[in-house]
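Below are the chains, spelled out letter by letter.
Number of protein chains: 2
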Amino acid sequence: MTAPDVHAEAVVVDGLQINNWSAEVLKELQAGGIHGVNATCAVWEGPTETLRLIGDWCQLQAAQPDLVRLVTSSAEIRQAKRDGHVGVLLGFQNTSPFADDYRMVEVFHRLGVRIAQLTYNNQNMVGGACYEPVDAGLTRFGRVIVAEMNRVGMLIDLSHVGNQTSLDAIATSAQPVAITHSNPTWFVDSPRNKPDEVIRALVERGGVIGCCLYPNVIGGSGTTLPEFCTMVARLCEQVGVQHVGLGSDCTRDWGQDYVAYLRDGRWRPTDQADPPRWPQWPSWFTGPADLPTVTEGLLAVGLSEDEVTAILGGNWLRLFDEVFPGTRSGA
Amino acid sequence: MTAPDVHAEAVVVDGLQINNWSAEVLKELQAGGIHGVNATCAVWEGPTETLRLIGDWCQLQAAQPDLVRLVTSSAEIRQAKRDGHVGVLLGFQNTSPFADDYRMVEVFHRLGVRIAQLTYNNQNMVGGACYEPVDAGLTRFGRVIVAEMNRVGMLIDLSHVGNQTSLDAIATSAQPVAITHSNPTWFVDSPRNKPDEVIRALVERGGVIGCCLYPNVIGGSGTTLPEFCTMVARLCEQVGVQHVGLGSDCTRDWGQDYVAYLRDGRWRPTDQADPPRWPQWPSWFTGPADLPTVTEGLLAVGLSEDEVTAILGGNWLRLFDEVFPGTRSGA
Numbered sequence: 001m002t003a004p005d006v007h008a009e010a011v012v013v014d015g016l017q018i019n020n021w022s023a024e025v026l027k028e029l030q031a032g033g034i035h036g037v038n039a040t041c042a043v044w045e046g047p048t049e050t051l052r053l054i055g056d057w058c059q060l061q062a063a064q065p066d067l068v069r070l071v072t073s074s075a076e077i078r079q080a081k082r083d084g085h086v087g088v089l090l091g092f093q094n095t096s097p098f099a100d101d102y103r104m105v106e107v108f109h110r111l112g113v114r115i116a117q118l119t120y121n122n123q124n125m126v127g128g129a130c131y132e133p134v135d136a137g138l139t140r141f142g143r144v145i146v147a148e149m150n151r152v153g154m155l156i157d158l159s160h161v162g163n164q165t166s167l168d169a170i171a172t173s174a175q176p177v178a179i180t181h182s183n184p185t186w187f188v189d190s191p192r193n194k195p196d197e198v199i200r201a202l203v204e205r206g207g208v209i210g211c212c213l214y215p216n217v218i219g220g221s222g223t224t225l226p227e228f229c230t231m232v233a234r235l236c237e238q239v240g241v242q243h244v245g246l247g248s249d250c251t252r253d254w255g256q257d258y259v260a261y262l263r264d265g266r267w268r269p270t271d272q273a274d275p276p277r278w279p280q281w282p283s284w285f286t287g288p289a290d291l292p293t294v295t296e297g298l299l300a301v302g303l304s305e306d307e308v309t310a311i312l313g314g315n316w317l318r319l320f321d322e323v324f325p326g327t328r329s330g331a
Numbered sequence: 332m333t334a335p336d337v338h339a340e341a342v343v344v345d346g347l348q349i350n351n352w353s354a355e356v357l358k359e360l361q362a363g364g365i366h367g368v369n370a371t372c373a374v375w376e377g378p379t380e381t382l383r384l385i386g387d388w389c390q391l392q393a394a395q396p397d398l399v400r401l402v403t404s405s406a407e408i409r410q411a412k413r414d415g416h417v418g419v420l421l422g423f424q425n426t427s428p429f430a431d432d433y434r435m436v437e438v439f440h441r442l443g444v445r446i447a448q449l450t451y452n453n454q455n456m457v458g459g460a461c462y463e464p465v466d467a468g469l470t471r472f473g474r475v476i477v478a479e480m481n482r483v484g485m486l487i488d489l490s491h492v493g494n495q496t497s498l499d500a501i502a503t504s505a506q507p508v509a510i511t512h513s514n515p516t517w518f519v520d521s522p523r524n525k526p527d528e529v530i531r532a533l534v535e536r537g538g539v540i541g542c543c544l545y546p547n548v549i550g551g552s553g554t555t556l557p558e559f560c561t562m563v564a565r566l567c568e569q570v571g572v573q574h575v576g577l578g579s580d581c582t583r584d585w586g587q588d589y590v591a592y593l594r595d596g597r598w599r600p601t602d603q604a605d606p607p608r609w610p611q612w613p614s615w616f617t618g619p620a621d622l623p624t625v626t627e628g629l630l631a632v633g634l635s636e637d638e639v640t641a642i643l644g645g646n647w648l649r650l651f652d653e654v655f656p657g658t659r660s661g662a
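Residue numbers (our numbering), protein chains in the order written: chain C, 1 to 331; chain W, 332 to 662.
It should be emphasised that the hints constitute simulated quantities derived from the structure, not laboratory data. Yeah, the Cβ is synthetic: ideal placement off N, Cα and C, and Gly gets one too. Check the hints yourself; a few may be wrong.
Covered stretches of chain C, going by a simulated chain W footprint (3 or more residues, C-beta under 8 angstroms) [claimed, not checked]:
1) 95 to 105
2) 135 to 143
3) 255 to 269
Residues from chain W that face chain C, not an exhaustive set, calculated with beta carbons under 8 angstroms [said to hold, decoys possible]:
4) W375
5) G377
6) A430
7) D431
8) D432
9) E463
10) V465
11) A467
12) R471
13) F472
14) R565
15) C567
16) R594
17) T601
18) D605
Required output: the full structure, derived from the provided sequences and hints.
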């Protein structure tokens, strides 16, 4: 098959996007042949703010019934492909929507949230994070949250989590977990990427890591498509192709104020003299519509059609099938 | 002077009480000759819930103008003594009311809050806590919060904070800090009490530690008045009397549900088969009205009238004078 045919045949799932969602942006996903996406609806937000962001999704689905479908299973993602919709899995990049209340895990699960990252950059009540100088590991509350996510069937994401907390979460979780959008540190040595120890532990428990296209974790916009795809292929050799996916971390249609919010939240004043700026994306991947180019690149570095199909979505779908039913063993 | 005279002459400040506040309870403080108290108005609560608890205080002051005065300075506490009122300093036992927003420090300072403990039992965004197995120290957000508390003039309390975070906070703070209600671990080895290393660092920076009467940190209700007062006297010898106060941790008029809330918050389910219960208080100190008995005990173990006066309130007032004006050096 040609690369476009491989892409068109696959059920394509993006492990994470954090766009300023709209019909226009959803059409970019359609153009990229994406059928399922973990769409971030909380980074720093608490419970009430998150309810409103979920409300935004309800409104967008009602306004665009032929474009977007809120989904909670791999079956619904497969159906979205058949219907020409983008299937949206609601996801959190922080446990801030749970505040200090373990019961919020079930509450947000009932609202359709299926993926939650334990911490976002900074330490919280649950555990340590990738940008803190020290990580004390999963806390007492963190252990309750992990058990509760296992019970209701919510996928644990470790992308921005600290390494010790990641290892603790992998060891504690009764279910496989995910790194939805990070690369190995051997590719780019960033606090946002993962050392072999964490990737190995994740894989041994059946988890999936989504290779990430965000400029800061691939070494900047100068990194080439073959360099990125060679990294993906090498990671597949290292851990097994069944544990590798993609999580583009697309950030479409945000102003510069939003990157300052992501970095500084409300936890520190933004340096007005030198505010954070969005990085430049590589020319070969500027947004969701460019995903077929990545498929082409993966085939070009020698991955097979079956391997690329697994990376494009098959592995995420298998993980969702395993985790989303939950263990239901009681809190 | 007789012990009652020493007590009556002193300006008496209790470093912390967490009662179910009412006119009846305030009258117990009056009976105990207490003129100033750090009254807890948040343990697990977030911003909105805390606003309501401050609203409760506004309502209680309006209903009991001859009994209670919300105060924000040692001068107002001295005035409360002259007027026969109980001066109430609004205080937090957690930084949960600040949520993830450093600007809430100034907002709550404007509402009269003058004391905040960095963490309550469990790790949070600011730092580690006394009941967590590991303490990673003061976080990036924690450093912002400490600087902001210094700037606006809000006293940092370390009573339930982890030891590493306590040492970091003491080293980071531009102002002296407090342990409002804990004892040395050499008296009772509890996670809630403080090792010499922490007490020494606190004292070297001009802080004050309030010896605590809560049964669990004095070794149970069987501990005698002379045993408690000997501990206070020995601590004065160790660190200097000017660094020692009292923080009774009185818990008047709560049902058993409230101790379960303190322990478990909303972060884990309460064990219904064996729910937390309030401990029994010693016969010689069952509530605020018994504070004159402690004065008697302190004099009986050989502390001078001046020393007891400093312990009863003078040291807290000096610390308030030093910290509450703030550094105002900008965030």
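> Holds or violated: W/F472 as interface residue toward chain C, Cβ cutoff 8 angstroms?
Replying inline: holds, 4 angstroms
> Hint check: is the beta carbon of W/D432 less than 8 angstroms from a beta carbon of chain C?
Replying inline: holds, 4 angstroms
>> Does W/A467 hold up as a contact with chain C if the rule is Cβ-Cβ below 8 angstroms?
In response: holds, 4 angstroms
> Are 3 or more residues of the stretch 135 to 143 of chain C near chain W, judged by a Cβ distance of less than 8 angstroms?
Replying inline: Contact hint for the stretch 135 to 143 of chain C vs chain W: holds, 6 residues under 8 angstroms.
>> Under 8 angstroms is the threshold here; is the Cβ of W/R594 close enough to any Cβ of chain C for the hint to stand?
In response: Check failed: Cβ of W/R594 comes no nearer than 11 angstroms to chain C, outside 8 angstroms.
> How about W/W375: closest beta carbon in chain C under 8 angstroms, or not?
Replying inline: holds, 6 angstroms
> Holds or violated: W/D431 as interface residue toward chain C, Cβ cutoff 8 angstroms?
Replying inline: Interface hint status for W/D431: holds (5 angstroms vs cutoff 8 angstroms).
> Can we keep the W/T601 interface hint, with Cβ of chain C closer than 8 angstroms?
Replying inline: violated, 11 angstroms
>> So is the stretch 95 to 105 of chain C in contact with chain W by the C-beta rule, three or more residues under 8 angstroms, or is the coverage claim wrong?
In response: holds (count 6)
> Hey, does the W/D605 contact hint survive, CB to chain C under 8 angstroms?
Replying inline: It is violated, given that the least Cβ distance between W/D605 and chain C is near 17 angstroms, above 8 angstroms.
> Is the interface hint for W/C567 satisfied, with its Cβ closer than 8 angstroms to some Cβ of chain C?
Replying inline: Violated. Min distance 34 angstroms.
> Was the hint right that W/E463 lines chain C, CB cutoff 8 angstroms?
Replying inline: With a minimum Cβ separation of about 6 angstroms from chain C (threshold 8 angstroms), the hint on W/E463 holds.
In this structure, the earlier hints numbered 14, 15, 16, 17 and 18 are contradicted, and the remaining ones agree with it.
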